[in-house]
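Asks: Protein sequence lines correspond, in order, to chains A and B.
Residue numbers 3 to 109, in the numbering used here, belong to the letters of the first sequence in order.
Residue numbers 459 to 572, in the numbering used here, belong to the letters of the second sequence in order.
If you're looking for bench data, these hints aren't it; they were derived computationally from the structure.
Errors might be hidden in some of the hints.
What the hints assert, rightly or not - Incomplete in silico selection of chain A near chain B, CB under 10 Å:
#1 F37
#2 G43
#3 Y50
#4 F88
#5 Q96
Just so you know, these numbers come straight off a predicted model, no measurement behind them.
Every residue, glycine too, gets a C-beta built ideally from N, C-alpha and C.
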Amino acid sequence: GIQVEQSPPDLILQEGANSTLRCNFSDSVNNLQWFHQNPWGQLINLFYIPSGTKQNGRLSATTVATERYSLLYISSSQTTDSGVYFCAVYSGNQFYFGTGTSLTVIP
Amino acid sequence: DVKVTQSSRYLVKRTGEKVFLECVQDMDHENMFWYRQDPGLGLRLIYFSYDVKMKEKGDIPEGYSVSREKKERFSLILESASTNQTSMYLCASTTGPGKNRGYTFGSGTRLTVV
Numbered sequence: 003g004i005q006v007e008q009s010p011p012d013l014i015l016q017e018g019a020n021s022t023l024r025c026n027f028s029d030s031v032n033n034l035q036w037f038h039q040n041p042w043g044q045l046i047n048l049f050y051i052p053s054g055t056k057q058n059g060r061l062s063a064t065t066v067a068t069e070r071y072s073l074l075y076i077s078s079s080q081t082t083d084s085g086v087y088f089c090a091v092y093s094g095n096q097f098y099f100g101t102g103t104s105l106t107v108i109p
Numbered sequence: 459d460v461k462v463t464q465s466s467r468y469l470v471k472r473t474g475e476k477v478f479l480e481c482v483q484d485m486d487h488e489n490m491f492w493y494r495q496d497p498g499l500g501l502r503l504i505y506f507s508y509d510v511k512m513k514e515k516g517d518i519p520e521g522y523s524v525s526r527e528k529k530e531r532f533s534l535i536l537e538s539a540s541t542n543q544t545s546m547y548l549c550a551s552t553t554g555p556g557k558n559r560g561y562t563f564g565s566g567t568r569l570t571v572v
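Build out the structure end to end from the sequences listed, making use of the hints.
Replies: Given below as structure tokens:
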């Protein structure tokens with residue numbers, strides 16, 4: 003299957019700081035999603051982004067499919083942004099997940 | 459918005475019990491999936507299903523089975539629960555190939571086997 007690597011594995015930010023999370027994948031993919039797992043364990047879809055750039059409030063994402071990577075930008079971070087961020091890429095008939103970036107935003 | 463509902467948020471079962479985890483989606487999605495999530499191992503695919511009565515093994519199917527008698531419902535069955543099946547279980551659904559618009563996840567079931 004496809005290998006999905008996320009970096010950094012852990013990130014600690016002061017509230018108000020900006021950050022960039024990266025997702026590299028090993029082969030061509032049809033689709034890509036970014037998820038945020040909240041402290042209760044639920045995976046919340048942030049972006050469905052097979053290519054291009056999308057923005058939603060303080061979050062934005064860019065996928066460059068030809069170069070096999072995607073970036074998630076978080077601006078003006080808040081404590082509620084804490085949690086684990088997963089990238090998942092779709093190939094064949096299933097999604098393949100990265101191991102996530104654990105983000106902690108401190109006040 | 460599509461909704462994926464898992465029947466229990468927390469579950470405690472004894473070793474050797476048969477355990478049923480239920481997942482229901484309300485948007486007529488063809489594909490449904492069961493994952494387990496463990497610290498340091500990320501999400502691992504257990505089973506998935508393309509259609510009613512169809513199932514495919516994922517990466518870690520041992521000790522599990524599934525049932526999909528109706529399109530909206532996908533059940534995960536632990537035939538004889540063991541302590542190494544203590545985990546967070548996540549169900550997801552999506553539309554079929556060529557129409558894929560991404561996964562939607564349920565809220566998860568934290569299963570503890572004692």
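Asks: For each hint, tell me whether it holds in the structure or not.
Replies: The hints, checked one at a time:
1. F37: Because about 7 Å separates F37 of chain A from the closest Cβ in chain B, which is inside the 10 Å limit, the hint holds.
2. G43: Hint holds; G43 of chain A Cβ to chain B Cβ min 4 Å, cut 10 Å.
3. Y50: Holds: closest Cβ of chain B sits about 4 Å from Y50 of chain A, inside 10 Å.
4. F88: holds (7 Å)
5. Q96: holds (6 Å)
Violated hints for the displayed structure: none, as all numbered hints are satisfied.
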